[in-house]
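Novice: Single-letter residue listing:
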Amino acid sequence: MLSKYIPLWPEQASTVAGHMDLLYVFLVLNTIFFTVLVAVMVVAFSIKFRKSKHPVAVQIEGSVPLEIFWSAVPLGIAMVIFVWAAVLYFHLMRAPRESMEVYITGKQWMWKMQHPTGQREINQLHVPVNTNVRLTMISQDVIHSFFVPEFRIKHDVLPGRYTYAWFNATKPGTYHIFCTEYCGTKHSGMIGEVIVMEPAAYQLWLSGSTGGSLAQEGERQFASLGCVTCHSGQPGARGPNLEGVFGSNVKISDGRSVTADENYVRESILNPQAKIVAGYGPIMPTFAGQISEETLIQLVAFVKSKQGTGAKAGGQATPGGKQ
Amino acid sequence: MSAAAASGHLVAGHEVMPEENYLSVDHSLKSWLLTVDHKRICILYLLTITFMFFIGGAFATMVRLELLTPAGDLMQSDTYNKAFTMHAVFMIFFFLVPSIPATLGNFLLPLAIGAKDVAFPRLNLLSWYIFVIGASFAVIAMITGGVDTGWTLYTPFSTNYSNTNVMMTAVGILIAGFSSILTGLNFIVTIHRMRCPGMSWFRLPLFVWATYATSLIQVLGTPVLAITLVLVALERGFHIGIFDPALGGDPVLFQHMFWFYSHPAVYIMILPGMGVISEVITCFSHKRIFGYKAVAFSSVAIAVFGFLVWAHHMFVAGISLYAGLVFSFISFLVAIPSAIKTFNWSATLYKGSVRWDTPMLYVFGFLGLFTIGGLTGLFLAALGLDIHLTDTYFVVAHFHYVMVGGMVLAYLCGIHYWWPKITGKMYPELPAKAAAIIVFLGFNLTFFPQFILGYLGMPRRYHAYPAEWQVMNVLSSAGASILAIGFLLPMVYLVWSLKFGKVAGPNPWQATGLEWETSSPPPEHNFHETPVVTTEPYHYGEKEREI
Amino acid sequence: MHKHHFDTFDQQKDASSFGMWVFLVQEIMFFGGLFVAYLVYRHQYYMAFGTSSATLRVDLGLFNTIVLIGSSLTMAIAVNAAQRSLQKRLIAFLLATMALGATFLGVKVIEYTEKFEKREVPGANFCFNPQGAPCKGVSHEEEKTPDLIQRYLNGRFGKLPGLDKAAEHGAEATTHAEAGEAAAPEPGVPGEATERQRSMPGSEVYFSLYFAMTGMHALHMIVGIGLMVWLLYWATKGLYSAEYYTPIENFGLYWHFVDIVWIFLFPLLYLINRHIGGHH
Ligand code: HEA
Ligand code: HEA
Ligand code: CUA
Ligand SMILES: [Cu+2]
Chain A
1 MLSKYIPLWP
11 EQASTVAGHM
21 DLLYVFLVLN
31 TIFFTVLVAV
41 MVVAFSIKFR
51 KSKHPVAVQI
61 EGSVPLEIFW
71 SAVPLGIAMV
81 IFVWAAVLYF
91 HLMRAPRESM
101 EVYITGKQWM
111 WKMQHPTGQR
121 EINQLHVPVN
131 TNVRLTMISQ
141 DVIHSFFVPE
151 FRIKHDVLPG
161 RYTYAWFNAT
171 KPGTYHIFCT
181 EYCGTKHSGM
191 IGEVIVMEPA
201 AYQLWLSGST
211 GGSLAQEGER
221 QFASLGCVTC
231 HSGQPGARGP
241 NLEGVFGSNV
251 KISDGRSVTA
261 DENYVRESIL
271 NPQAKIVAGY
281 GPIMPTFAGQ
291 ISEETLIQLV
301 AFVKSKQGTG
311 AKAGGQATPG
321 GKQ
Chain B
1 MSAAAASGHL
11 VAGHEVMPEE
21 NYLSVDHSLK
31 SWLLTVDHKR
41 ICILYLLTIT
51 FMFFIGGAFA
61 TMVRLELLTP
71 AGDLMQSDTY
81 NKAFTMHAVF
91 MIFFFLVPSI
101 PATLGNFLLP
111 LAIGAKDVAF
121 PRLNLLSWYI
131 FVIGASFAVI
141 AMITGGVDTG
151 WTLYTPFSTN
161 YSNTNVMMTA
171 VGILIAGFSS
181 ILTGLNFIVT
191 IHRMRCPGMS
201 WFRLPLFVWA
211 TYATSLIQVL
221 GTPVLAITLV
231 LVALERGFHI
241 GIFDPALGGD
251 PVLFQHMFWF
261 YSHPAVYIMI
271 LPGMGVISEV
281 ITCFSHKRIF
291 GYKAVAFSSV
301 AIAVFGFLVW
311 AHHMFVAGIS
321 LYAGLVFSFI
331 SFLVAIPSAI
341 KTFNWSATLY
351 KGSVRWDTPM
361 LYVFGFLGLF
371 TIGGLTGLFL
381 AALGLDIHLT
391 DTYFVVAHFH
401 YVMVGGMVLA
411 YLCGIHYWWP
421 KITGKMYPEL
431 PAKAAAIIVF
441 LGFNLTFFPQ
451 FILGYLGMPR
461 RYHAYPAEWQ
471 VMNVLSSAGA
481 SILAIGFLLP
491 MVYLVWSLKF
501 GKVAGPNPWQ
511 ATGLEWETSS
521 PPPEHNFHET
531 PVVTTEPYHY
541 GEKEREI
Chain C
1 MHKHHFDTFD
11 QQKDASSFGM
21 WVFLVQEIMF
31 FGGLFVAYLV
41 YRHQYYMAFG
51 TSSATLRVDL
61 GLFNTIVLIG
71 SSLTMAIAVN
81 AAQRSLQKRL
91 IAFLLATMAL
101 GATFLGVKVI
111 EYTEKFEKRE
121 VPGANFCFNP
131 QGAPCKGVSH
141 EEEKTPDLIQ
151 RYLNGRFGKL
161 PGLDKAAEHG
171 AEATTHAEAG
181 EAAAPEPGVP
191 GEATERQRSM
201 PGSEVYFSLY
211 FAMTGMHALH
221 MIVGIGLMVW
231 LLYWATKGLY
241 SAEYYTPIEN
251 FGLYWHFVDI
261 VWIFLFPLLY
271 LINRHIGGHH
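Residue numbers (my numbering), protein chains in the order written: chain A, 1 to 323; chain B, 1 to 547; chain C, 1 to 280.
Check before you lean on any hint, since a few could be wrong.
Cut-off 27 angstroms, straight-line C-alpha distance, at most; resulting in silico cross-link-like pairs (DSSO-like, lysine-lysine) [stated by the list, open to error]: (1) A:48 / B:433; (2) B:502 / A:51; (3) A:51 / B:433; (4) A:53 / B:433; (5) A:48 / B:351.
Rather than coming from a laboratory, the hints here were simulated on the basis of the structure.
In this text the structure is predicted, and so the values were computed from the model without any measurement.
Let's have the full structure, built from the sequences with the hints guiding it.
Specialist: Structure representation (structure tokens):
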């Protein structure tokens, strides 16, 4: 095909890449159609009715049916594009329930990956092929953006709030990671690679690591930061029992209830006063400025690991940012 | 004043220059710096923004030179980051936003509605001074080290991390913004209150409608940019915490406020161009516009709906999915008025009597390039597709197609079309045609490869890039050097024409419109007696019948 | 006596008042940006906004509201006087408006200084911690309004009564806070949290908005008073009369607009959730 000689799109290496390219091709055809239409009209009329051949112009006021026609047809086409693209957007912005989790922290100018199994990487991301991978991302300084063109995924990585992206890689191989939100001097150097592996090779890679899982690391922090003193889980403890909190609907003191997702847990640690759990006083101190983003991720993973069987997996189904 | 009288002048063939015109009344520098004549203020702006365009162009040259090779070898990454930032800051805020409104708008608006001047002439001069002060800030910021935030000034990078001249630049843009607001205000009042007898709303030339729509955006949008920049400056200078996530602020709020201005601002950067196209295409088809009301109302529709789509720049910035849905939907709606205009322009050519003078070549170029630019905007407005395309070179290509292929071409078109009116001299046709063709070809070679690069995934604002993308980048840089020649040529022959150009006469194009019924260059007070309008706009057919 | 480019005097008058209205629309958009930011954060930091708001002096705010409404009244009378060619009355009421405007700004100075003393000004020195450890160098005792004003009249701006010792500590705390800022520029990096970082989350946003909003409003007042000096000059020269009073009328519109902005600012900044402040 033509794309052998002049590449027209990046490799299709994820489940959505084909859908994305199809929509793209549709829009390209649409563009060609209208551009050629306009070009033909302009060139044909201005040659056919050039002054030497057509010295006296025929005055035409306009035509209401034509106006309606050429508003309605583009509108119709636009609506097709809108719906099609919206469906794709919802598909891409909401991770499937069954996903492997990876946590990513962006910082000027590198990507730090944390796997639930405890592995940490910089500017590299090892994942198994044919598996849903959900990325929970945060920045510790300015805004970055995580982009893998071969997977057709991208999402901004914000300071102060988790954002999400997901993919399912279909071909083993090595793919680009780019930072696509301008973030300072080495923005163009904030690159890396995703290494997609066959399941067996991936298992091998996993086993090469040492140390505990992310949640275990979080548990250690939970103890050393003194969280357990209040969240001991005993009846009569000063703070609520965190067992089964993640993913559940938490009643808060002003009567609203919120779903406990990653951002809720993070906020609970950094700004405990924002949403006070009903029945408790505003006594939890803020840990803002004292815990790094990576430790926060461990704490979140720990709280998440205590997601009991009773908890609804609601937090998982609606990533993509709530406001 | 009837059209016959004007063409009567022409019959005489070579026109004698009227004794006194706005240029010749007084030659002293003081008379220029203290002028309140809208026509002279046009010239002041013309000189200033041309200078700004070349500063912006010099930075574009740096960008394209660096991107010749995949490695970031020509300059430091910081230098590159400053280059594209200063490129955009000068091109957008100090060139394209004021380009047509402040030059052709200033010159033509009063003439086109039969007024002696704009409603507030002294305010008009003040606007120019404010603009110059703002531009000076930007130039000083440039000389003392530049700024590296991207023209979008995203927080918290701009407020807490960049150690370049963000403050100075922001203040420069803020000041230039007030100039823009005052110009818009002046024009709105002028159009409402200064029309000559008989000049009803539906007899206004379409350029005036377009200017009116532009002014609405300037008055309603720019203040929001102003307050946003004030907050950025306060945050940077005094460490207050409105957008700083470390203090609980929301950096995405900054983006909302920035785009609330800057999306409508892209229509500030196209509507006046659309107005020029409407005037020129009727003149060189010698035919009234197809669907006058549709074209007029679509300008206003673009201005109004343009305020409701800002978050289409933020589809992956962390807005809610449903907000994305709404903003995408309205983005598609706002494309419809542009479609209406495009088709009406094409239909205007039908059964016309088409001439191929230079301004018309620019019209052809505009129609093709704006259509491509606009249609590729649809790719970006399409939610799912934008995930892949946003912040890649596809976006860069899109906006250069609309801004350079659209607005800059329309600007050159208008400059050529009204050059005889402004200076009283004709430009030389041959080099002008050559320049138009060079611009068209160079432009496509520069920016078409960027669409492909964008879909391949090349991120924008990249100083170095993977080697597999070099071919396209070399093509693009080659195109840019051709484009540069195309932009430099008019500088030469237009200046040349001031001395050696043929005398133009009041109406060299046999155009309709009040500006063509006074002498070229117009007298100081535009008209010797207040005109009275008795005909529809673009009454092209009637002229022949009279003769 | 209309300018040359207008056909009639009426057209000129019409154009300038229309221009003034367009200008005010522009002003609405300008302040609109601030109000939107306020609403967003008010929603996000509901509690913090209530708590922070409780530190403002409602008595002074109310006083200023009355002063400003009074100045609108005097301005309206001034416009009326101009329309009826009542030269002396015009001058008198312009002066009265200026005096009231200056009073407003004076009270604002008192309020601002108090915020500086209490470290409730955004920036490196910021500290607001109603629940946790009290901010160094700050007295949390409420000062009675008459005492406060008396202190300002005595020219003692910098210090809280009977807290001279603590104030010295305050100076120290400031340098500490700055050093802390410089040492830990990267947010999210663990370490000893500064007083600023330990402050109630969201409170700094509130105070930032408080200063930005009232600051922009005060700036408009200052510009207004400057314009009045100009108007006053021409009024004494007898420029304005029943035939020509457009500048006075337009300025009146501006002044009323600035007044209206305050009418929104006062409840949003001073009066939200007074009860939240109660329980600390
Ligand atoms: C003159 C300036 C200008 C103009 C006129 C436009 C016009 C449009 N733009 Fe563009 N845009 C920019 C300047 C402009 N833009 C800039 C500067 C940026 C990047 C800023 C930055 O990040 O630095 C940008 C970015 C940008 C984005 C964000 C991309 C991203 O960052 O992810 C989007 C997304 O929706 C968008 C959409 C549109 C649309 C839908 C139009 C529409 O108005 C186009 C309408 C026109 C047509 C559609 C063509 C004519 C119609 C026909 C021939 C009929 C056929 C029509 C249909 C089938 C509907 N633009
Ligand atoms: C009005 C708007 C406008 C105009 C006219 C242009 C004109 C051009 N632009 Fe630009 N551009 C923007 C607005 C504009 N641009 C914006 C908003 C951005 C985004 C920035 C950001 O990301 O923040 C951008 C970004 C941008 C990039 C992407 C940079 C990046 O993301 O890393 C590129 C790359 O090719 C580019 C190229 C060009 C070129 C080749 C031209 C050419 O058309 C210019 C041709 C003109 C000349 C070349 C002038 C001729 C004069 C000389 C040659 C004199 C030279 C003198 C000396 C050297 C002393 N522009
Ligand atoms: Cu990180 Cu760009
Ligand atoms: Cu936009």
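Novice: Against this structure, judge whether each hint is valid.
Specialist: Now for the hints, and whether the structure bears them out:
1. A:48 / B:433: It holds: about 20 angstroms lies between the C-alpha atoms, which stays within 27 angstroms.
2. B:502 / A:51: Distance of about 23 angstroms is within 27 angstroms: holds.
3. A:51 / B:433: Since the Cα atoms of residue 51 of chain A and residue 433 of chain B sit roughly 18 angstroms apart, the hinted pair holds (cutoff 27 angstroms).
4. A:53 / B:433: 21 angstroms, holds
5. A:48 / B:351: 8 angstroms, holds
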